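What follows is the residue order along each chain.
There are 2 protein chains.
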Amino acid sequence: MDYNKLTPALAEKLQNLLGEKRFQYGDAVKEAYSHDEMPIYGRFMPEAVCLVESTEEVSAIMKLCHENKIPVTVRGAGTGLVGGCVPIHGGIVISTERMNKILSYDMKNLVVHTQPGVLLCDLAADALAHGLMYPPDPGEKTATVGGNVSTNAGGMRAVKYGVTRDYVLAMTVVLPSGEVMKLGKTVCKTSSGYSLLHLMIGSEGTLGIITELTLKLIPKPVMDVSLILPFQDIATAIASVPAIKLANLDPQSIEFMERDIVDSSAAYTGSAVFPTTVNGHSVGAYILVTLVGDSEAELTLKMDRLGQVAEQTGAYDVLVVWTDGLKKDVWAARSAFLTVIEAETRLLDEMDVVVPVDRIAEFLVYSHDVAEEYGVRLRSFGHAGDGNLHIYCCANDMDEVEFRRRVKAIMDKCYAKCTEFEGQVSGEHSIGHAKKAYLRESVGETAYGLMGAIKKAFDPDGILNPGKVCG
Amino acid sequence: MDYNKLTPALAEKLQNLLGEKRFQYGDAVKEAYSHDEMPIYGRFMPEAVCLVESTEEVSAIMKLCHENKIPVTVRGAGTGLVGGCVPIHGGIVISTERMNKILSYDMKNLVVHTQPGVLLCDLAADALAHGLMYPPDPGEKTATVGGNVSTNAGGMRAVKYGVTRDYVLAMTVVLPSGEVMKLGKTVCKTSSGYSLLHLMIGSEGTLGIITELTLKLIPKPVMDVSLILPFQDIATAIASVPAIKLANLDPQSIEFMERDIVDSSAAYTGSAVFPTTVNGHSVGAYILVTLVGDSEAELTLKMDRLGQVAEQTGAYDVLVVWTDGLKKDVWAARSAFLTVIEAETRLLDEMDVVVPVDRIAEFLVYSHDVAEEYGVRLRSFGHAGDGNLHIYCCANDMDEVEFRRRVKAIMDKCYAKCTEFEGQVSGEHSIGHAKKAYLRESVGETAYGLMGAIKKAFDPDGILNPGKVCG
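Line by line, the protein sequences are chains H and B. Just so you know, we're using my numbering here: the first sequence kicks off at -3 and counts up by one. Just so you know, we're using my numbering here: the second sequence kicks off at -3 and counts up by one.
Bear in mind the hints are in silico, worked out from the structure with no lab data behind them. Hints are supplied without guarantee of correctness; some may be wrong.
Because identical chains cannot be distinguished in the list, a pair is counted as satisfied if it fits within a single copy or across any two copies.
Stated by the list, open to error - EDC-like mimics (lysine to aspartate or glutamate), calculated; alpha carbons at most 20 Å apart, straight line:
1. Lys178 / Glu437
2. Lys212 / Glu418
3. Lys324 / Glu43
4. Lys216 / Asp320
5. Lys404 / Glu416
6. Lys104 / Glu358
7. Lys156 / Asp246
8. Lys452 / Glu441
9. Lys178 / Glu441
10. Lys104 / Glu16
11. Lys216 / Glu307
12. Lys104 / Glu418
13. Lys323 / Glu292
14. Lys413 / Asp122
15. Lys178 / Glu416
16. Lys104 / Asp354
17. Lys212 / Asp162
18. Lys452 / Glu369
19. Lys216 / Asp246
Predicted model, so just to flag it, every value in this text is computed and none were measured.
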C-alpha cells in the first residue's frame, strides 16, 4: 500500500479540530507513542498524535485521513505486547487516553456505558462501588477497556466467567471512511445477521475504531476465598486441573506458577506469600484457586471438596488465603509477575499460547527444553484453568541480534508444537505485527485469506492500523 | 444472481456419489424438504436432496455445484421458523439428518466432538449420561445442534449459562468452493486474528456448511429446583425480574408466561400444573425460576432469598417444584407452548424480538394493543431473564391474504417499536428470508452493506443458501 505523509496544511486542520493541547505534531510528538511494552518489536514514531475526546472528533479525523490516504493507528494505554498499537507505517496515532469517562450505569439491565479509554482497574473499582462486578480480569490492570475489547483479553477469571468477548453487548465504531456505526444492543441474546460485533472484538483496531462500549456486569459475589496448592513440580500441578474442574466447584480462577517466578516475585515485593517448603517438601510449582460463594457455609463445603481433590492429586497441602490482607498480597504477587520479569530482564520477548488444559505440562516441558538448547532463560506462569500460558524468553548478557535469532528459533519450534497440540497462537495478547507469520501458519491460507478479504471489505484503502493481524 | 438448473448428467454424478438411498431427485424429492415449521413463508421444492454422511461428501457436492453454479441450501431437522433452510431459489438441499453421530468426548478438556445432525435432545441426554451438561436449552429439543449453531439458538438457560455461541469451540466448515476449513480449537481463550468462528455462528448456512462441531460442556449441576411465582398481570410479573437478577441467586432460567397460554397448555396436555387461583386471587401471569446448587442447604438458602424478593415484588405466592415428576410436568408444559399454539391455530406467524429486560412488559402491552387494533390474536411467552419474547400472531377464521396483510402491519409497528427500545429483531430464530427487511431497517445500511460484503468474500457466486440474511 502507498500512503501519503501528513502535510503541514492537514496538520493545521487537525490542530484546529483538537486545539493545541490535544494535538502533537513533528518534534512535539512524545516518544512514548512509538512503542508498546514489548519494544523489541521496534520503535516507530507517528507523524502526529491526536488526543481525542469524542466519537465526532474520531470521525472527523478519519474522514480527513481517508480522503488523503494517511495511515491511522489507534492506541489505548499502550500496554500491549505485540506491537499492535505501534504506527509501523507512520501516519497518525489516535490516542483514546482522554476518552476515560464511565458514562452511565443501567441498573435494571446490569450494564455500563463507557468510553474506551477507561482503565480496567478504574472500571472494576467503579463497578464494585455500584455493587456489581466486571468479570474480565487480565493481569495488566492499567490497560484500557477499549484495548481489552480489541484484543479480546481474557485474564484470571475466564475459567468461571469467560473472556472480554462475553461481556461486550454493544459498541460505537468509527469506520475507516469516518462513518459512525452502532453494533449490538443492551440485550444478551441475538440472532440478527452476521455478528459484526464479534468480528470487531479482537480485531486490534484494524477494522474500525471503538469509541463507546456497553458492557455487561454481574452482581458482585458475596464472598471469595483463595487457596494455594503446592506441588512437587509443574507436571503434577497441572495434572490436578481437570480434577478440580470436574469437582463442581465452579472456581473463579485456576492459576499456575512455577517456583522460579514466585521466588523472584518475593524478592521484588519483599513479601514471601507463597510457601517454598511444605511439610519438609521443597515446592516446585503452585496452583492458585479462587472460589466464590454466598456464605461461609457454602465456601467451607467447597473448600472441603477441593481439599479432597488436592489430596487425591498429590498436593503437599492446601493453604487457605481467607483474610483480605493476605488475599491482596497473594493476588498482587500474581499480578506483578510480568513487572518482576521486566525489572530483571534486559532483553525480553514473549509467547501467549493456549493449549488444551491436559497438554499444558507437556508444552511447558517442551518449551523449557527448547529454550535450554538455545541457551535462553524461559519464565512462565499463566491460566491453568483455560490453558493460556505466558512464556517469556529472557536474557541479560546477550547481544540483541543474537537474542532475536535464538528467540526466533525457539518460537518457530514452540508455535509449531502449539499447532500440533491443537492450540492457539495467542490467548489474549493478540497478533499485532509481531505474530502475523505464526497466525498465518496456524490458521492456514484459506482462513488467513478470508481475514484479508474481511479487512478489505471494511478498509479498502488499508489505512487503519496497517500491517497488523492480516494487513 | 443467475443460477443453473441441475441437469440429469449432474444428478447422475450426485447419485453415484451418494447412492440411490441417499439421493432424491425430481419426483422422488419429498415434500417435507420444501418448507420449515412456518409454512406461511412459502413452500419451495428443491431439485434434489442429498442425505450426506461426511465432510468429504459435502465438499464433493459443493465443488460440483460451485463449478456449475447451482444453489445449495443446507438443512438440519427443519424446525426453523423463518424459512432459513428453505431452497427459495431451487437447487440442491443438503440434509445433515444422517450426520447424527456424537463422535467422542474429551473428559480432560470437557468437550464433545459431534456431527451437526445430532438432535439437541440426544446430545443433552448423552452428555448427562457422561456426568456433563450441554447448557444451551432451546424449547425445540428436536432441532439439530448444527441448526442451533447456525442460528445461535439461546433457550431457557441463557440467563445463567449464555447462548449457543458461548459453547462452540471449534468447527469444520465446507466453503462454497468445496474447500474444507477448520476454525477454532479445543481451548476457551483466543486472540488469534478475526474470529471467523464467531462469524460462522448465527450465519444460517450462508457462509459455509458446518460438518463437525466441538462443543464445550460443563459439570452437571448437583441439584436444581424450580419455583413458580404467580402475579396479578404481566407488568407486575416482569417488574420482579431485575430484582431477581440482582439477588445473587444466579438462576438458571427466568421464564414468563401469560395465563392464556398456560390455560391452553393445560387443556392440551390434560395436566394443570400451573395454579390459576392463588389465595383467592386470579393469576394473570407467571414467572418460572430454576435455581441450581450443590446441596439442599444451599438451595434452601437461595429459595428463602427468592421468597423475600417475590414478596417484595408482589407475587401472590412461591410454589416450589421440587419433585422430579412435577418438575418434568412443569417444564414439559413450558416446552409444549409452541406445539399447543400450532395445534390450535390455522394461520400462524411469529416474532422473536429481544428487548431490554425492563422494557418487556411495555413491549408486550404495545404488541397486544396493536394486534387488537388489527383484530389478530396474539399469544406470547418467553425468556424474561434475557428479554427474548416469542410472540405469535394467530388466526383461524380469516382469509390468508387478509391475515398476511394484517400481520405485516402489526409487525411493521412492533419491529419499529423494538428498534425504538434498542432491541434486536431476533433473539434465536434468526432472519432467514422472512425477516430480511426488518434486519436491514434495524441494523442500518452501513452494517447491512458490510454483511453483504462479507457474504461476497465467502461466497462470490452467491450459491450458498441464496436469498437469506443479506443475500
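Quick rundown of the hints versus the structure:
no., hint, in the structure
1, Lys178 / Glu437, "between (33 Å within a copy, 13 Å between copies)"
2, Lys212 / Glu418, "between (31 Å within a copy, 15 Å between copies)"
3, Lys324 / Glu43, "neither (42 Å within a copy, 67 Å between copies)"
4, Lys216 / Asp320, "within (16 Å within a copy, 32 Å between copies)"
5, Lys404 / Glu416, "within (18 Å within a copy, 54 Å between copies)"
6, Lys104 / Glu358, "between (47 Å within a copy, 14 Å between copies)"
7, Lys156 / Asp246, "both (6 Å within a copy, 13 Å between copies)"
8, Lys452 / Glu441, "both (16 Å within a copy, 18 Å between copies)"
9, Lys178 / Glu441, "between (31 Å within a copy, 11 Å between copies)"
10, Lys104 / Glu16, "neither (41 Å within a copy, 58 Å between copies)"
11, Lys216 / Glu307, "neither (31 Å within a copy, 23 Å between copies)"
12, Lys104 / Glu418, "between (41 Å within a copy, 14 Å between copies)"
13, Lys323 / Glu292, "within (16 Å within a copy, 30 Å between copies)"
14, Lys413 / Asp122, "neither (42 Å within a copy, 33 Å between copies)"
15, Lys178 / Glu416, "between (39 Å within a copy, 14 Å between copies)"
16, Lys104 / Asp354, "between (41 Å within a copy, 6 Å between copies)"
17, Lys212 / Asp162, "both (8 Å within a copy, 15 Å between copies)"
18, Lys452 / Glu369, "neither (42 Å within a copy, 48 Å between copies)"
19, Lys216 / Asp246, "both (16 Å within a copy, 11 Å between copies)"
This entry does not satisfy hints 3, 10, 11, 14, 18, going by the numbered hints stated previously.
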